[in-house]
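> Start from chain A and add chain B according to the hints.
Chains A and B, in that order, are what the protein sequence lines are. For the first sequence, the numbering used here gives the first residue as 1, with consecutive numbering after it. For the second sequence, the numbering used here gives the first residue as 90, with consecutive numbering after it.
Ranges between beta-carbon positions, derived for each pair: (1) A:59 <-> B:129: 44 to 50 Å; (2) A:24 <-> B:351: 28 to 34 Å; (3) A:24 <-> B:136: 49 to 55 Å; (4) B:515 <-> A:41: 50 to 56 Å; (5) A:21 <-> B:434: 50 to 56 Å.
Hints are computed from structural coordinates only; laboratory data are not their basis. In this text, a Cβ means the ideal position worked out from N, Cα and C, and glycines have one as well.
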Amino acid sequence: MRAVITVIGKDTVGILAKVSTLCADNDVNILDVTQSVLQDMFAMVTLVDVAAVDDDFAAFAEQMRALGEKEGLVIHVMHEEIFNSMHRI
Amino acid sequence: MLNVSDILETIKMIQEENLDIRTITMGISLLDCADSDINRSCASVYDKICRKAQNLVKTGEEIERKYGIPIINKRISVTPIGLIAGNFGDDVIRYAGTLEKAAAEMGVNFLGGYTALVQKGMTAGEKALIRSIPQALSETERVCSSVNIGSSKAGINLDAVKMLGQTVKKTAELTADRDCIGCAKLVVFCNAPDDNPFMAGAFHGVGEGDCVINVGVSGPGVVRAAVEKAGDCSISDIAEIIKKTAFKITRMGQLVAVEASERLGVPFGIVDLSLAPTPAVGDSVAHILEEMGLEVCGAHGTTAALAILNDAVKKGGVMASSRVGGLSGAFIPVTEDAGMIEAARCGALSLEKLEAMTAVCSVGLDMIVLPGDTTAEIISAIIADEAAIGMVNFKTTAVRVIPAVGKSIGDELSFGGLLGGGPVMKVNYVSPNRFINRGGQIPAPLHSLKN
Numbered sequence: 001m002r003a004v005i006t007v008i009g010k011d012t013v014g015i016l017a018k019v020s021t022l023c024a025d026n027d028v029n030i031l032d033v034t035q036s037v038l039q040d041m042f043a044m045v046t047l048v049d050v051a052a053v054d055d056d057f058a059a060f061a062e063q064m065r066a067l068g069e070k071e072g073l074v075i076h077v078m079h080e081e082i083f084n085s086m087h088r089i
Numbered sequence: 090m091l092n093v094s095d096i097l098e099t100i101k102m103i104q105e106e107n108l109d110i111r112t113i114t115m116g117i118s119l120l121d122c123a124d125s126d127i128n129r130s131c132a133s134v135y136d137k138i139c140r141k142a143q144n145l146v147k148t149g150e151e152i153e154r155k156y157g158i159p160i161i162n163k164r165i166s167v168t169p170i171g172l173i174a175g176n177f178g179d180d181v182i183r184y185a186g187t188l189e190k191a192a193a194e195m196g197v198n199f200l201g202g203y204t205a206l207v208q209k210g211m212t213a214g215e216k217a218l219i220r221s222i223p224q225a226l227s228e229t230e231r232v233c234s235s236v237n238i239g240s241s242k243a244g245i246n247l248d249a250v251k252m253l254g255q256t257v258k259k260t261a262e263l264t265a266d267r268d269c270i271g272c273a274k275l276v277v278f279c280n281a282p283d284d285n286p287f288m289a290g291a292f293h294g295v296g297e298g299d300c301v302i303n304v305g306v307s308g309p310g311v312v313r314a315a316v317e318k319a320g321d322c323s324i325s326d327i328a329e330i331i332k333k334t335a336f337k338i339t340r341m342g343q344l345v346a347v348e349a350s351e352r353l354g355v356p357f358g359i360v361d362l363s364l365a366p367t368p369a370v371g372d373s374v375a376h377i378l379e380e381m382g383l384e385v386c387g388a389h390g391t392t393a394a395l396a397i398l399n400d401a402v403k404k405g406g407v408m409a410s411s412r413v414g415g416l417s418g419a420f421i422p423v424t425e426d427a428g429m430i431e432a433a434r435c436g437a438l439s440l441e442k443l444e445a446m447t448a449v450c451s452v453g454l455d456m457i458v459l460p461g462d463t464t465a466e467i468i469s470a471i472i473a474d475e476a477a478i479g480m481v482n483f484k485t486t487a488v489r490v491i492p493a494v495g496k497s498i499g500d501e502l503s504f505g506g507l508l509g510g511g512p513v514m515k516v517n518y519v520s521p522n523r524f525i526n527r528g529g530q531i532p533a534p535l536h537s538l539k540n
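Just chain B, same shape as in the assembly:
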């Protein structure tokens, strides 16, 4: 018989501490949908997604009922469209329409993969795809886009970085009437993972199989409650507590992932061990850091606290799952985290501090609202800085910023739902224009003489 206190602990985690499965994401390869005729290609993309994912939402709901665990999102990621689209010029946008239609038909809330991998160079088709992103994101609701502009092996494609600054800016302008929401669906990566189940950066990498199930767990509330319960113990004890909690959270993800994979007849890919916050009170990564002893997230010491958290989550999670991947770590999306929003509002959390934090946790500058007068070059420079951190440290970094058209410091954006909302943050206006406009390739770093 099970231990009563274990049972009560699990129930408390789900009922009071917002433990949930954040997403079951089905990765679908579209490599066999490439065609010299865009009509045929789009038709086979639509058919394949609908064939593979027809039972995804239904199965997710069945598992939710069977185990009584909330599964918040059921999503789809596909092969980067930049890889299957030939040089169709501006017509490439039709893929976005096709993906939107398929996502709506399947009943998923997001579909990721309107993506280009351009870390070392861009084909004409990929250039056209990047150019089409603002229109694609303004005309669709569910399609998510990402672009990989750098890697530790290839360096950083500064031409692409320059283009992406303009792309982010234009996406904001085209969706200005909807709080610039288009930018919340666009991620610029360095070292993008192939098996990430989390949006907006999910895509199905080229090295993956035909179809796969990836699961993302969540549970910042559970970790915060465990740290709170520990009281005044040493930081070694805190790390130990987080490890144990992460183990339990991940075991649930593993259970759901295996069950989903069996029911759908699709191989199990990975469990992503991320602590993904939501704007709901009690589901915040910032509050864990504050529970560890910081007055407000953003104080000096935040980077160290986050490093402990991120490492302990991985150590606990790796033991709990047979296959781990994706972004795996703590997320720090400002507008999606109640504690981060508060910290940004009171001025404790700055863009520069967030950048430092991204050096020790998963992902990067995520869901940050910038003033509307931030130039495309400054956004490109923010992307370049973030990509450099990822490139040099052999980790994934990303930028998802929202230049809020017509807004300045003191104003706020509100997206609602999981995307949340938050205040416009201060940006450094000193010009990086000459640097960004040089173009070319930032060379990959030396892989020895590490100091």
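Here chain A stands alone, though its shape is the one from the complex:
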């Protein structure tokens, strides 16, 4: 199963590193990354393979949320299917 991680917040050094480290720690493979910095706002969307945390997806999402809170960012992890079903016919 694949999921989408979105990171939004003020641009600081090492955001991508922190998120990808947490992914690596959980055996979550990063498939695609797009990011943009608008003025000083940072927005990153990452497509990941979460097969390794399939059973404990909620815990992984919670870890990401907590990381966001610590770093002053808003991080969401959601299943890819939601976006596909909502925005594609």
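Structure of chain B alone, referenced to chain A:
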């Protein structure tokens, strides 16, 4: 790769605009639980519900975790008890106790189906069931009751309408110590749908299969935000925006419904495309109407705005789901909608305006607090009026009113939770007694010469 702005839009809908799945409702047929012995019948009702629904709440929570979408309620609807209960007289109340026990065991917050379908006539058993409703609703917490008293094909059973006025009144009296909450669990229908997942009017119709999963979506906050973002555009554009938003909301419902049905091994029934408000700020149907350009909900123009909203929600939703049913449309429950509560408080929204609104949206006079001195006949007459709108227009209408014992204009009731609370509304006291007491059957309308 997905479009970033689409992803952010979805996240915003869930995080800030209260998008959620309102309910996953499992419909269970109890037709095979009928028995000449009430003990055996109740035992098999309990067993069947517990067998079919044992994984319902767990599965709902799993889906919630997997997708990160809040699923607010997991509920059960069953075959109308009036159909499976023989003539057990006052003992019929034992079914209510059985349903309550099963609902508690399964961990669901509401179970609907303490129901009788009496649009054309009442059996002795159904009469006994209707008589037992006040006691059943006062002695149980989770059981919901509904009675269908009319249809476009059968007309309106005025004898039943008369009984229901008294039933509503008595239910309020028996639960007066709890803000008359019993009445919030009793719906009187005309043209009741067989596959409605929303409480308190849910039941599992006779034409349905053995077990089915129906899903109700919500999202007034999302629609309001979309209309707000559109700014000063024409009403055609507004209709288009609502359609697109409803499509997205319903797609999520469809996704969850299919997943729930697969995980539970139960056929997928329908997605109900309703805009169901909650008392939470930002989750109000009234606020959508106000965003469309009305100063306060209840102003002249409200019926037209609601008609656009209701139609656009259906058009967008039908495209998004393979099977649509239930009540599908905009709900206008006064006490459950922050904007409606405000409009009722300031006097902009009257009972008569609400009645007009019900002619163009789903359901009917819903969660309206009436003065405590409203007579049973007036409540019956309110039911008759509402049923007539449904009967003539081939649509579902319903009445769920709460005569607040000992309260009058200026007082408020508070139920808490999704049921909310609200002010006592003005009622017209001119007597309809002679009309209601005539009894008999209001004939079904002519189905041609439509003008």
